[in-house]
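Based on the sequences and whatever the hints tell you, model everything.
Number of protein chains: 8
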Amino acid sequence: MNKVKLDEVDHQILDMLIDNTRTPFTDIAKKLLISAGTVHVRVKKMEEAGIIRGSSLTLDYVKLGYSFIAYVGIFLEKTHQTKFVLERLNQIPYVTVAHITTGKFNIFCKIRAKDTTHAKNIIFKIDDIDGISRTETMISLEESINDKKRLMHTIFNEM
Amino acid sequence: MNKVKLDEVDHQILDMLIDNTRTPFTDIAKKLLISAGTVHVRVKKMEEAGIIRGSSLTLDYVKLGYSFIAYVGIFLEKTHQTKFVLERLNQIPYVTVAHITTGKFNIFCKIRAKDTTHAKNIIFKIDDIDGISRTETMISLEESINDKKRLMHTIFNEM
Amino acid sequence: MNKVKLDEVDHQILDMLIDNTRTPFTDIAKKLLISAGTVHVRVKKMEEAGIIRGSSLTLDYVKLGYSFIAYVGIFLEKTHQTKFVLERLNQIPYVTVAHITTGKFNIFCKIRAKDTTHAKNIIFKIDDIDGISRTETMISLEESINDKKRLMHTIFNEM
Amino acid sequence: MNKVKLDEVDHQILDMLIDNTRTPFTDIAKKLLISAGTVHVRVKKMEEAGIIRGSSLTLDYVKLGYSFIAYVGIFLEKTHQTKFVLERLNQIPYVTVAHITTGKFNIFCKIRAKDTTHAKNIIFKIDDIDGISRTETMISLEESINDKKRLMHTIFNEM
Amino acid sequence: MNKVKLDEVDHQILDMLIDNTRTPFTDIAKKLLISAGTVHVRVKKMEEAGIIRGSSLTLDYVKLGYSFIAYVGIFLEKTHQTKFVLERLNQIPYVTVAHITTGKFNIFCKIRAKDTTHAKNIIFKIDDIDGISRTETMISLEESINDKKRLMHTIFNEM
Amino acid sequence: MNKVKLDEVDHQILDMLIDNTRTPFTDIAKKLLISAGTVHVRVKKMEEAGIIRGSSLTLDYVKLGYSFIAYVGIFLEKTHQTKFVLERLNQIPYVTVAHITTGKFNIFCKIRAKDTTHAKNIIFKIDDIDGISRTETMISLEESINDKKRLMHTIFNEM
Amino acid sequence: MNKVKLDEVDHQILDMLIDNTRTPFTDIAKKLLISAGTVHVRVKKMEEAGIIRGSSLTLDYVKLGYSFIAYVGIFLEKTHQTKFVLERLNQIPYVTVAHITTGKFNIFCKIRAKDTTHAKNIIFKIDDIDGISRTETMISLEESINDKKRLMHTIFNEM
Amino acid sequence: MNKVKLDEVDHQILDMLIDNTRTPFTDIAKKLLISAGTVHVRVKKMEEAGIIRGSSLTLDYVKLGYSFIAYVGIFLEKTHQTKFVLERLNQIPYVTVAHITTGKFNIFCKIRAKDTTHAKNIIFKIDDIDGISRTETMISLEESINDKKRLMHTIFNEM
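Residue numbers (the UniProt record's numbering), protein chains in the order written: chain L, 1 to 159; chain R, 1 to 159; chain H, 1 to 159; chain X, 1 to 159; chain U, 1 to 159; chain Y, 1 to 159; chain G, 1 to 159; chain E, 1 to 159.
For the record, the hints were derived by calculation from the structure and aren't laboratory data.
Please note that the accuracy of each hint is not assured.
What the hints assert, rightly or not - The calculated label-pair distances, taken between Cβ atoms and stated as ranges, are:
id, chain 1, residue 1, chain 2, residue 2, range
1, R, D128, E, D7, 23 to 31 Å
2, R, F124, L, K104, 20 to 28 Å
3, L, N146, R, N121, 41 to 49 Å
4, G, L32, U, N121, 42 to 50 Å
5, E, E77, X, D60, 44 to 52 Å
6, L, T154, E, D60, 49 to 57 Å
7, U, N121, X, D60, 52 to 60 Å
8, G, N90, L, K104, 23 to 31 Å
9, U, K44, L, K104, 33 to 41 Å
10, L, R22, E, E77, 43 to 51 Å
What the hints assert, rightly or not - EDC-like, lysine to aspartate or glutamate: derived pairs with alpha carbons at most 20 Å apart:
id, chain 1, residue 1, chain 2, residue 2
11, U, K114, E, D7
12, X, K149, X, D10
13, Y, K44, U, D19
14, G, K63, E, E8
15, G, K104, L, E158
16, R, K83, H, D130
17, R, K149, L, D19
18, L, K125, R, D147
Glycine included, C-beta positions come from ideal geometry on N, C-alpha and C.
Structural data, given as structure tokens:
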């Protein structure tokens with residue numbers, strides 16, 4: 001698990017792309033007083049090293065009709081079913097995050113749904129996966145923070 | 001909370017940008033047999049409607065030295081401190097997600113740290129926020145799913 | 001707490017009114033082969049004895065926009081605040097039921113709200129009542145049974 | 001789930017019927033300065049729209065010998081048994097309310113019984129339903145609030 | 001379940017026997033200014049009515065080498081096994097009390113043992129009864145109150 | 001804590017008194033083929049050694065109108081209040097047993113009451129003792145075993 | 001379980017060996033003004049009596065790459081599997097301590113691992129032992145005290 | 001936190017000392033076919049690097065009259081008191097291990113005591129430390145595994 005070495009220029013490039021992935025490389029180049037080719041090379045290097053795994057949009061789920069968020073804690077019948085259950089969870093698109101966890105749950109996941117009834121159907125679908133003995137649901141009343149950009153900037157400033 | 005109406009073309013544009021926000025508009029235009037200008041207009045419309053709130057990179061945190069993920073449940077002394085506590089959490093960049101929740105916790109948040117000792121320091125910083133009486137931590141042994149793209153595609157296919 | 005004695009005729013009258021409180025006394029009289037006056041006297045007697053405390057409509061809350069039901073368990077700082085807290089709960093119309101209970105909660109109540117955000121505001125209002133130290137919320141995904149008529153019929157058949 | 005539109009007159013009619021379902025339509029008509037026929041038409045409309053689902057008596061259960069109230073949380077062996085279990089619960093008249101819930105219970109229900117021994121028998125009957133693995137009971141020491149009329153009035157005033 | 005009527009004289013006899021069951025009836029008679037025969041008749045009456053079910057010694061268990069007390073909460077696999085399990089518990093003399101309870105346990109019992117190792121063996125014997133799925137033990141660090149006499153006197157003074 | 005040595009004769013005497021404390025010493029003497037004086041001397045010796053601490057009646061609480069049993073777990077604000085709280089509990093005659101315990105409760109006690117309302121009042125009285133922060137109540141649905149005689153016989157047979 | 005009698009000289013020898021097991025017997029002899037032969041005899045005696053069961057190094061696990069400590073609570077399917085499960089745990093060298101416990105767990109053990117991923121693998125290995133139904137893990141953020149020497153000195157000073 | 005590099009010879013020396021710290025260096029030298037001086041140098045090096053922090057006896061606590069082991073979970077009033085509380089715990093010799101932990105406890109520690117009464121006194125002493133709001137105790141019925149040697153051998157074999 002040897003960490004890739006990034007230099008100051010890499011950090012600055014990442015710092016700008018984090019806020020807007022569509023920033024043209026020429027703009028980045030101008031700001032950092034380097035050539036656009038250098039930007040291109042550096043980004044490519046970080047993609048190949050696996051540091052940059054891709055990019056995505058930040059959508060407003062509420063405006064898209066998905067205002068219901070819940071965390072679902074899963075108890076398995078036996079732990080050796082973990083891998084199988086995760087594969088099945090991965091087939092339910094409403095499950096956006098899943099972790100193997102310490103504490104009382106075996107698996108802990110996050111779901112996004114349209115409303116209470118939709119959430120019920122998703123939870124029922126989860127409950128019906130073979131190997132799951134029980135689930136416990138905690139409902140979000142408000143998503144107050146959802147922002148990885150602050151962390152990303154901190155990581156690059158620290159380095 | 002009236003939902004914005006998106007048509008088939010919007011969906012297809014979103015569908016392509018979700019997978020790679022840097023896809024040139026000319027490529028999208030070619031695939032959908034429309035003009036690049038139309039793509040531009042549609043994206044702008046969705047940005048102004050607030051559906052597209054931005055874009056960001058997907059980084060590999062493990063490669064960046066942040067392999068430790070924990071969920072922290074927060075008990076407040078009194079609920080009217082919720083807003084104040086969320087503001088303070090927002091100043092800790094390692095807190096990437098925070099929810100007001102039902103169930104036993106008042107606030108539930110997710111942190112990313114370098115290792116056990118780093119996590120301890122972050123949790124101690126959270127514990128020291130005025131108004132927080134106690135926290136409970138659940139540690140991730142493996143982040144098995146973290147993928148909002150499947151959900152996004154599903155939303156647009158459903159519409 | 002001496003129970004009022006009801007005879008067979010009283011039971012039959014109650015049995016009919018339970019299903020439809022607006023059933024004309026003349027209809028009841030015809031069915032039971034007694035006079036409408038007798039029906040009137042019997043109902044009056046049961047009202048005065050406090051057995052019949054009133055009547056009410058059964059409305060469809062979902063159609064009225066109130067589709068969100070939650071149970072809220074309340075922990076008090078000190079039990080001698082119970083009476084005071086109940087008076088304040090009584091001023092929140094969304095609290096339709098409240099019990100002093102054994103087990104981990106001091107008070108356990110039921111609320112009806114429009115949606116998640118509305119529920120959050122009601123729960124916050126409860127949390128802000130003096131003397132309440134903490135609440136835990138359990139959300140209903142479906143109200144599958146809500147029917148006291150079966151019980152009422154059983155009581156009268158048993159008597 | 002399109003909501004029926006009710007106007008001011010409908011609200012006033014409902015407001016009066018909520019407190020006493022036996023209020024003669026002529027009384028309502030006089031108060032609202034409309035004809036009794038109009039009252040009749042409006043009530044019929046609301047019944048057909050499903051907003052008014054019926055009417056019932058409010059009885060004093062303590063006077064009828066039913067002073068014991070308990071909430072029973074049900075754990076199922078598997079969630080796909082939910083529907084079957086609810087049908088069986090529906091055959092026990094002492095179960096007056098049942099919800100599918102989030103949190104640790106799969107189903108949460110309310111029972112009314114005569115006394116401790118009667119409650120034990122009802123709980124045993126519930127425990128014996130196929131598919132139920134365990135139940136937890138919370139006993140009411142006092143039913144402090146049980147009043148949907150405040151909510152109903154609030155709904156109509158808000159509209 | 002009609003309660004036997006006891007008069008003032010019965011109460012005074014009970015009041016004296018509670019503190020020392022071996023008090024000679026002649027002593028009781030002298031104190032109450034009645035005949036020893038009357039005392040005899042009254043005691044017999046209360047025995048036949050089942051109010052006095054017997055008498056027993058109060059021993060000092062610590063002096064007898066039994067200083068370890070624990071409460072054991074029992075979870076059953078299915079509630080219909082309750083009766084069978086209680087019969088088996090009844091064959092373990094170290095189980096001195098057992099209740100069918102509300103809350104998380106199905107059966108709750110009290111055991112007296114010599115020491116930790118003895119307690120472990122008793123708990124293992126309980127755990128091995130068919131139909132018991134799990135037990136939870138709470139250990140007494142000090143038996144601070146164990147006195148039914150105060151209650152008995154209160155009952156007779158109240159009557 | 002040196003244990004008193006009891007011989008075979010002592011055990012046999014205890015064995016008979018356990019079942020009926022009023023058994024005349026002459027009857028015991030006859031059965032054991034010893035003199036009544038010896039019985040008297042032995043009992044006195046065991047009383048002075050503190051092994052026999054007294055005797056009491058076994059009453060039928062249900063017949064006396066006390067059919068309600070509950071276990072109350074007590075959380076203290078601070079453990080140094082333990083002694084003080086126990087003194088106050090000792091003034092409530094309905095508290096028949098109290099232990100300092102390991103596990104989640106600081107003190108665990110047993111109460112006997114007439115009915116739900118009476119139990120509520122007793123629990124409220126406990127809750128109002130200074131130093132108690134919270135209580136949790138578990139209600140007995142049936143007292144299935146309450147018998148120390150089996151244990152006593154076992155102790156003497158083992159010795 | 002009769003305790004071996006140790007005299008003042010034994011205590012002083014133990015007191016010195018506790019801090020450094022490699023202290024030469026001649027040094028101990030000099031300090032205590034006795035012969036080295038006496039030290040030898042006494043140590044031998046305590047070894048034969050089983051009081052001294054051996055000696056070991058105190059290593060710095062963090063420096064050896066084992067910085068991760070967790071406590072794992074184990075729930076068994078049936079208690080009669082306890083012995084078998086302990087034998088299997090004993091084959092996992094990362095399990096350094098295991099207890100049969102009261103409370104909610106059947107077995108409670110301590111593990112040392114290199115990091116989160118290593119811990120996950122150890123926990124999975126434990127979870128896969130036949131007879132174990134579920135485990136709950138609590139992670140150490142810092143091992144603040146790990147010192148039996150203070151206790152050993154206290155024991156010998158007390159004696 | 002750079003790890004010290006140990007070679008094969010170091011491992012073999014450690015392997016022998018782990019089992020008996022008093023093994024003469026000449027014995028180790030003979031077995032490994034190296035000089036006693038080399039053994040001395042290597043051990044010194046590992047002591048200076050902090051890998052070997054000392055040595056200690058393995059005593060039989062049961063034979064020394066300390067047969068009672070408990071784990072005590074501590075809840076703090078505020079986390080910033082952690083350091084202060086740990087210092088106070090460190091003054092109680094019966095506390096042999098203490099961790100700052102994730103999950104519901106802030107600090108988790110292990111105590112050894114003579115018996116139930118002694119344990120009660122230790123727990124009360126812990127409860128009286130300023131800053132501790134509550135403790136929960138879990139009692140060991142049997143210490144089935146307590147052996148770090150297996151782990152140590154594994155570590156050196158792995159390296």
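20 Å Cα cutoff - pair K63 (chain G), E8 (chain E): holds (17 Å)
Supplied distance hint 43 to 51 Å, evaluated on CB atoms of R22 (chain L) and E77 (chain E): Once the Cβ atoms are compared, 50 Å apart, the range 43 to 51 Å for E77 (chain E) and R22 (chain L) holds.
Cβ separation of T154 (chain L) and D60 (chain E), checked against the hinted range 49 to 57 Å: Between T154 (chain L) and D60 (chain E), where Cβ atoms are some 52 Å apart, the hint holds.
52 to 60 Å as the expected CB spacing between D60 (chain X) and N121 (chain U), which holds or is violated: holds (54 Å)
Range hint 42 to 50 Å (beta carbons of L32 (chain G) and N121 (chain U)) holds or violated: Holds, at about 44 Å.
Beta-carbon spacing of F124 (chain R) to K104 (chain L) - inside the hinted bounds 20 to 28 Å or not: With a Cβ separation near 23 Å, F124 (chain R) and K104 (chain L) satisfy 20 to 28 Å, so the hint holds.
Hint consistency between K83 (chain R) and D130 (chain H) [alpha-carbon to alpha-carbon, up to 20 Å]: holds (19 Å)
Cβ distance range 44 to 52 Å for E77 (chain E) and D60 (chain X), holds or violated: holds (47 Å)
K149 (chain X) paired with D10 (chain X) [C-alpha distance capped at 20 Å]: Holds, at about 16 Å.
Given pair status - D19 (chain U), K44 (chain Y), alpha carbons within 20 Å: Holds, at about 17 Å.
Satisfaction of hint between D7 (chain E) and K114 (chain U), Cα-Cα up to 20 Å: This hinted pair is violated, its Cα atoms lying about 53 Å apart.
Given hint E158 (chain L) paired with K104 (chain G) - CA-CA distance at most 20 Å: violated (44 Å)
Hint compliance for this structure: hints 1, 3, 9, 11, 15 are broken, all remaining hints hold.
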